[in-house]
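Generate the whole structure from the sequences, applying the supplied hints.
These protein sequence lines are chains A and B, in that order.
Going by our numbering, the first residue of the first sequence is number 1, and it counts up by one from there.
Going by our numbering, the first residue of the second sequence is number 1001, and it counts up by one from there.
Check before you lean on any hint, since a few could be wrong.
What the hints assert, rightly or not - Partial selection, computed: residues in chain A whose CB lies under 10 Å from chain B:
1. Glu26
2. Phe27
3. Asn29
4. Ile54
5. Thr149
No lab work stands behind these hints, which were simulated from the structure alone.
We put the CB at the ideal spot given by N, CA and C, even for glycine.
Read off the chains here:
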Amino acid sequence: MIKAGSISKGMFLSIKNEPYVVVEREFVNPGKGSAFVRLKLKNLKTGLVNRQVIKSQESVEDIEVETRDAQYLYNDGNDFIFMDTETYEQIHIPIKAMEEKMAYLKEGETFQLIIWESTPLDIKLPYKMTFKVIEAENATKGDTVTGATKNVKIETGYTIKVPLFIKEGDTILVNTETGEYVERVN
Amino acid sequence: MEETVKKIIERNKIIKAIREYFTHNNYTEVDTPILSPSLIPETTIEVFATTYVNPNSGKESPLYLIPSPEIFMKKLLAMGIGNIFQITKSFRNCEEVSSLHNPEFTMLEWYTVGDTYIESIGVTENLLRHLREQLKIGHLRYGETTIDLDSPFEIISVEELFKKKLGVNLSTLINDENYINHILEKQKLLYNKSSNWQEKFNQLFLAYIEPTLPKEHPVIVIDYPSKIKTLAKRHKNPDFSQRWELYIAGIEIANCYTEEDNPKNIREFLEQEEKKKEKALIKHKTDREFYKYFYNFPPCSGVAMGIERLMMIFLNKKEIRGVIPFSIFDSIYPSI
Chain A
1 MIKAGSISKG MFLSIKNEPY VVVEREFVNP GKGSAFVRLK LKNLKTGLVN
51 RQVIKSQESV EDIEVETRDA QYLYNDGNDF IFMDTETYEQ IHIPIKAMEE
101 KMAYLKEGET FQLIIWESTP LDIKLPYKMT FKVIEAENAT KGDTVTGATK
151 NVKIETGYTI KVPLFIKEGD TILVNTETGE YVERVN
Chain B
1001 MEETVKKIIE RNKIIKAIRE YFTHNNYTEV DTPILSPSLI PETTIEVFAT
1051 TYVNPNSGKE SPLYLIPSPE IFMKKLLAMG IGNIFQITKS FRNCEEVSSL
1101 HNPEFTMLEW YTVGDTYIES IGVTENLLRH LREQLKIGHL RYGETTIDLD
1151 SPFEIISVEE LFKKKLGVNL STLINDENYI NHILEKQKLL YNKSSNWQEK
1201 FNQLFLAYIE PTLPKEHPVI VIDYPSKIKT LAKRHKNPDF SQRWELYIAG
1251 IEIANCYTEE DNPKNIREFL EQEEKKKEKA LIKHKTDREF YKYFYNFPPC
1301 SGVAMGIERL MMIFLNKKEI RGVIPFSIFD SIYPSI
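See the structure below:
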């Protein structure tokens, strides 16, 4: 058990026996009153996001999780399918538990799986990842305005805004927290 | 280094403009102690305590840093000083490291004799417009939002907000303890049955009301339940207090009362709060004689405004540290 005031983003909590990940945490104070935390929580079983406001001094159950390395294989429309790199067993995670991570799941890439009581809950993404650009429109001549961007498609099918000089076949670095282009790698 | 110097210059412009506004409107600027041997007890605030040591006897006397200059300013009002304002440092302990708090901060507090909390709204509107002019800001932008300071501030009661955002009748919420539990449960908010009414109310307010307040113009949230004990005078309907809070861009900037002036009520407040303060982390002496000043206290309205938060709005800063040079948290928690 921890005090609600110690909750940080990315932590896993158990509320009414359901596992949640903390998506956002804000410290809030009413004009005249004790401190609260305002949380955006994602239920890792249902994928539903809800908000909570808890007194900072209130106790909340934090979950002990373990991490395991697993290779991403594919998705079958319902689940993401991973393979534990040690045991080779297949692990299924419902797409709705981590839909927003779909853009970063490169087939064959190894990720850190977060497991709670034998249930895979989520994956930990590296803060930055490289992706190949598979489709890019060429910038039209004369587009020399600084800061101008265009859309390209990366190998996972995700579309991202990049500077005009990026071409098809380039490898780029993407910030997985913001979904933004960082720099060209090759 | 340059950042720090820049902060000082920007702070100075704002403080100068505030001073000009009140001086031009014939408020007397006052300058009262930051250290006090006793305080007005407030359950939700923790203070900083220190000690005076007598060099000869070695006797130690506890002293406390003021959480606001209210205690001294009200004594001056009772002495007949008239309209007053003060820009001074105030101190609050045990607050979370956040973008809106610093243990040492600058408070603007002013009192207008003969006014109620309603008239204080106009004074506040004019203050903000004056600041914008002096800072030569054409359109006030905070983040992605342009803030309209020209139209009269939107005034909305806590009652209206609860009705609109939760479909809840505030009077029922105030008077029926089971009803507030029922609403918390319905909204699936985690709470402790042993929490007091104030905490439950604040939980609902912070979850459903505060995040939805408009950001494109300042909002005055008015008429809070008296169950939240303050030194504000009650309305004819004693369930509500003559109190408002100013929100700009969703940030709480100021708090205003029609000041309680009945010494009996002040005495009761002091006794109740002192008792609750027995559970405080940092105990302090209560100024038990404070109520005596109210035998001679003029009817007035007071406003307390966090100057750093006001600076954040005018200088478009997301963090309070962006307007505080040498912030304590820069050394204690540099990475946050």
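Any of the earlier hints contradicted here, and which numbers?
-> 5
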